[in-house]
Every structure is written in C-alpha cells, then in structure tokens.
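K.L.:
For reference, the chains in residue letters:
2 protein chains.
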Amino acid sequence: MTEHFIDRLLDAADKTAPVCVGVDPLYDQLPAELKTATALKDQHLAAISTFCHQLLEIVAPIVPAVKLQIACFEIYRDEGVKLYFNLIRHARKLGLLVIGDVKRGDIGSTAAAYAAGHLGHDAAPDAVTVNGYFGAEGIEPFAKLAGASGSGLFVLVRTSNPSAAALQDFQGADGKKFYEHVAELVAAMDESCGLVGSRGYSHLGAVVAATYPAQARRLRQIMPRQFFLVPGYGAQGASAEDCAAAFKDDGTGAIVNASRSVIFAYNSPAHAGRDWKKAVSTAAANFAADIADAVRR
Amino acid sequence: MTEHFIDRLLDAADKTAPVCVGVDPLYDQLPAELKTATALKDQHLAAISTFCHQLLEIVAPIVPAVKLQIACFEIYRDEGVKLYFNLIRHARKLGLLVIGDVKRGDIGSTAAAYAAGHLGHDAAPDAVTVNGYFGAEGIEPFAKLAGASGSGLFVLVRTSNPSAAALQDFQGADGKKFYEHVAELVAAMDESCGLVGSRGYSHLGAVVAATYPAQARRLRQIMPRQFFLVPGYGAQGASAEDCAAAFKDDGTGAIVNASRSVIFAYNSPAHAGRDWKKAVSTAAANFAADIADAVRR
Numbered sequence: 006m007t008e009h010f011i012d013r014l015l016d017a018a019d020k021t022a023p024v025c026v027g028v029d030p031l032y033d034q035l036p037a038e039l040k041t042a043t044a045l046k047d048q049h050l051a052a053i054s055t056f057c058h059q060l061l062e063i064v065a066p067i068v069p070a071v072k073l074q075i076a077c078f079e080i081y082r083d084e085g086v087k088l089y090f091n092l093i094r095h096a097r098k099l100g101l102l103v104i105g106d107v108k109r110g111d112i113g114s115t116a117a118a119y120a121a122g123h124l125g126h127d128a129a130p131d132a133v134t135v136n137g138y139f140g141a142e143g144i145e146p147f148a149k150l151a152g153a154s155g156s157g158l159f160v161l162v163r164t165s166n167p168s169a170a171a172l173q174d175f176q177g178a179d180g181k182k183f184y185e186h187v188a189e190l191v192a193a194m195d196e197s198c199g200l201v202g203s204r205g206y207s208h209l210g211a212v213v214a215a216t217y218p219a220q221a222r223r224l225r226q227i228m229p230r231q232f233f234l235v236p237g238y239g240a241q242g243a244s245a246e247d248c249a250a251a252f253k254d255d256g257t258g259a260i261v262n263a264s265r266s267v268i269f270a271y272n273s274p275a276h277a278g279r280d281w282k283k284a285v286s287t288a289a290a291n292f293a294a295d296i297a298d299a300v301r302r
Numbered sequence: 006m007t008e009h010f011i012d013r014l015l016d017a018a019d020k021t022a023p024v025c026v027g028v029d030p031l032y033d034q035l036p037a038e039l040k041t042a043t044a045l046k047d048q049h050l051a052a053i054s055t056f057c058h059q060l061l062e063i064v065a066p067i068v069p070a071v072k073l074q075i076a077c078f079e080i081y082r083d084e085g086v087k088l089y090f091n092l093i094r095h096a097r098k099l100g101l102l103v104i105g106d107v108k109r110g111d112i113g114s115t116a117a118a119y120a121a122g123h124l125g126h127d128a129a130p131d132a133v134t135v136n137g138y139f140g141a142e143g144i145e146p147f148a149k150l151a152g153a154s155g156s157g158l159f160v161l162v163r164t165s166n167p168s169a170a171a172l173q174d175f176q177g178a179d180g181k182k183f184y185e186h187v188a189e190l191v192a193a194m195d196e197s198c199g200l201v202g203s204r205g206y207s208h209l210g211a212v213v214a215a216t217y218p219a220q221a222r223r224l225r226q227i228m229p230r231q232f233f234l235v236p237g238y239g240a241q242g243a244s245a246e247d248c249a250a251a252f253k254d255d256g257t258g259a260i261v262n263a264s265r266s267v268i269f270a271y272n273s274p275a276h277a278g279r280d281w282k283k284a285v286s287t288a289a290a291n292f293a294a295d296i297a298d299a300v301r302r
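Protein sequence lines, in the order shown, are assigned to chains A and B.
Position in the first sequence (from 1) plus 5 gives the number in our numbering.
Position in the second sequence (from 1) plus 5 gives the number in our numbering.
Isolated chain A (complex conformation) (with noise of 0.2 Å):
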C-alpha cells in the first residue's frame, strides 16, 4: 500500500461515493438481537464484535472507506483495542479503506510514537485523525510516517460539536479566527512535508466540520491541496449542501462522515420493525446518495 492514499481514496469514491461510514459502536444502541441479557464486559464486546464485522460487510459494497471510532473499543481497554485491529484487517479484505479516529497528539518524540501505534503497520488504518494542539511538532511524525507508509492524516481544524466554538472561534487580533489560524499551520506545513499525489491533494488533510459551511468555504479556501475529513452529517445536523461547502467545483476535496444516523439506522422510527441489516444498508445507500447528489450538482 504504497499508492498515495488520497489517490486510492479518490479511485474508490469516483466508483461509489465520497462518503465514508463512522463505526462508532456503542453496546446500548446494538440491535436487540445481538444483545445478551448479561452486563459482563467481555459479553458486550462479543457482541459489538459480531455487530462491527456484519456492518463492514454490509457498507462495503456501498461506500469506498469506514472510519473507526477508536473510543468506542477502549471501553473495553486491551480486549476493545484487539477488535479495533482486527476489524481495520477485516475491513481491508472487504476492500475499505479505513480511517481510525484516534485524535492523538502530542509533543514530538510522543507524538511519534503514537505514529509508529497507529500507522504504517500491518494492522494500521490507511489514516488517521490527529490533535494537533502541540502545533507543527506535534503533528510532523505523523507526517512522516503517514509519507513513507502510502497513509494519511486529518488534522483537527473545525470540528462539528456545538462547543468547539467557544475555542476554535477565538478572535485573533489579526482579524483571523483560530480555527483559521490552524487552518493557515497545516497549509504551511504541507509545503515543507505534505505529499501531493496525482489528483492534487495531500496526504496531509484536515477535519473540517459540515455544521458551519460558510467556515468550510473559507477553509477549502486557504488548504486547496488538503483533502477535508467532514463530520456533522446526519445525527449531528448538517445537510448534505451543507456538506457540500467543503468540495471543490469539480467534486473532489472531501470525504462525508455519517456514523450513527446510518449505523443505528435500525433505531430511528424510519426504519421500524425493519431487518437491522436491511435498515443499515438503506440507510448507507441513502446516505452514499444524497451526498452525490449534492455534490455532483
């Protein structure tokens, strides 16, 4: 796998969708059926295991990568983090890309060594999300790594919680928001250690929240050779022409993130009384659907 990443990525979506399906699996949202009637830990992983492999199978014939909620498996510490691994390998054989959710970060020698924990493995995620609150040093290992392995990496600069603003929305003295100022870090740090593959994107992307489209915009504006990681949709609120704020006019520059409205689809009053699986591959190729849509317009 040493094919740039927002290549590959690019390829998959232009089959399917730029969309990308959050497995974040929480045991109280499981389908009843897959519920046990004890509270033991280890039960609960068994079944959120038996849950996380049938959902890849489903979603991988509709969406061309899944992005895997880290969170979620260390409820249940070094059992949890196994699974997550696990299901990284067993989504590759169903031909996902696979994005882990692991927002690390951290000064530089830490830093690098959560890169060598979570990229360019065997076991690892074609990307990765990072924190990078520790500015260019905390994010540069990842940098390196994500390089010399053919992954990724999406900086947090926008992200879609209503709080995020009281931070992110800092006004600067420049006239800048914070969020902005980030934004202006990861460009500049692309020219001394991004990636750029065929399509003209690299390696080095960003989180850019769907919830405040005009700030997408302004973000698709000053990172035109980041590819954008975009939560928000669905559950969280955003439309998919808010969603689409973040691509560019050709349709290219991001990936759309749905987790729970497509993954505890069974649990909406849409879905019913409907087969768990039939609810999820629904409401995955609705989802898949909507955002082409809105971005092809």
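Keep in mind that the hints were calculated from the coordinates and are not lab data.
We put the beta carbon where it would ideally sit given N, CA and C, even for glycine.
Treat the hints with caution; some may be incorrect.
Claimed, not checked - Partial chain B-side listing against chain A, Cβ under 7 Å, derived:
| hint | residue |
| --- | --- |
| 1 | Ile80 |
| 2 | Arg82 |
| 3 | Val86 |
| 4 | Phe90 |
| 5 | Ile112 |
| 6 | Phe139 |
| 7 | Gly140 |
| 8 | Thr164 |
| 9 | Ser168 |
| 10 | Ala171 |
| 11 | Phe175 |
| 12 | Gln176 |
| 13 | Ala178 |
Using the hints, position chain B against chain A.
P.N.:
Quick look at chain B alone, frame taken from chain A:
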C-alpha cells in the same frame, strides 16, 4: 478511592515532594542488560514490562506519583495497552498515585466513551490528561466521571514543546492569548462541574508547562482553584526555579513531572558505568529534592 484526588495527591506530596515521575518507556533507551538480541516486538514489550515494573518499585519510596505515557504502550497495540493497565495496578499496590497521560479529547458522546475507558474502573488511573480542543462539551464527560469516582483530570492549557507557541500564543483581539482563553474556559467550567476538595483545589486541573514561567504565573492567577500538572523539567529544559512559577506562595498548587531525565538517567554521562537502578533512584531523589527546595524557598 472516593476521597478527592487532589487531597490524596497533596497528602502524599507533603510527605515527599510535589513531583511525579513520567513513565515514557522506549525500547531503544532501556538499560543494555534488559534488551534482547531480537527485533521481535513481543520480546521488546517483555523487556519494557520488566523495566517499568522495576522502575515503579525504585521510585515508589521517593515520589508520590507517576505519570504513565500511554503512547509508548500503544506502539505495541493491545498488548501494550494491557501492560499499561497492569502497570497502573502495580503502581497502586506500591502506594503510588497514577496519572494516565492519555490526552484524549473528542465531541461529547465520544469523550464519554474515552472517559469510560480511562477513568473510574478498577484498573483506571487516579487522573488523566485531556485535550480540550472540542471545548466544554469534550471536557465535561471526563469531569463528571472523574468527580463520581474520586479521580481527577488535567486539561491541556499550555504545553511544554517549542512549536506549541505557534498556536497556543495566538494573539486575540481582546488582548489575550489563546492559552489564556483556554484557561478562562477551564476556570469557568470549574464553576459548574469542578469539585473542590478540603485543600481548596478542584478535581478539574490543568497542564501548564514549566518552560514558560511568566505564562505559568499568569495562569496561576486565572485558575486559582486548578491544580497544575507541570511538564518541561529536565530533558525539556526547565529549571526547578522555572517550575516554582506554577505554585502558590504556600508551596501548593502543582505537581512537577520529569520523565526522560529520571527514567533514562543511566544513559547520561553523569551516571556512566553505574547500575541503572541506582542511577534512576539517585536521579529521582535529586529531582524531588530540587523541586522541593525551589518550591519551599
């Protein structure tokens, strides 16, 4: 362990010094006698396990607390995470308080999953570090679970690495720097979700680097109830005098961490030819005395 975390930490620090040894094991840095001739990762991890267990035993009589850097364990994926939690148990048996340096952070529901994985269970540390880039929503789940379990958290405010300034010192239109803004958010959150112990400190603490003493003094004013976890001493360049800026006049308010300068002391010329355990023990004792002197002066 429902007694307030900071009360427990201060009681222990009163008997020794307000310091913490950072357990950031890297295979390459291990004592020669513990290394193996093989490149096999599981044998490397076994050597790290031996080193860390012995390290905890060496420092337990000298310092009140240790800080485990999970990144160094995540290099070895689930097996490394298993060792991380085993070491927490071992440290606790030795009477040490344990800070899990995990720097997790995400949107609310995901932060709750991270909190469940890292706080409040039988193998969980007494406190964790949290990356607050998501704002209040990403910090609250940690504060809630920590409060319910007599644990604590330290939110990253000003980190110790050189390139952090590019983001954390971002100058605001209101005359404040970004890190001051983060500190104000933490202090404001403390009003709603902080639990203050008998010594006047909240279980909601902050990470404040020793490498910028003027900033630490300023942050001491903005966050009077926050206990500071202070990185940057030793290998990162801060002196004991620099660290003292994070403390109040009564000598409380912070705990200073040293990692590499203590745990890899045998690799420094000052300890050449010495037994590694003796070198570590001496370095830990010197570190504790250095900080105690500077703070009580």
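K.L.:
Each hint should be assessed against the structure and marked as holding or not.
P.N.:
Checked hints:
no. : hint   : result
1   : Ile80  : holds (5 Å)
2   : Arg82  : holds (6 Å)
3   : Val86  : holds (4 Å)
4   : Phe90  : holds (6 Å)
5   : Ile112 : holds (4 Å)
6   : Phe139 : holds (5 Å)
7   : Gly140 : holds (4 Å)
8   : Thr164 : holds (6 Å)
9   : Ser168 : holds (4 Å)
10  : Ala171 : holds (5 Å)
11  : Phe175 : holds (5 Å)
12  : Gln176 : holds (5 Å)
13  : Ala178 : holds (4 Å)
Of the numbered hints stated above, none is contradicted by the structure.
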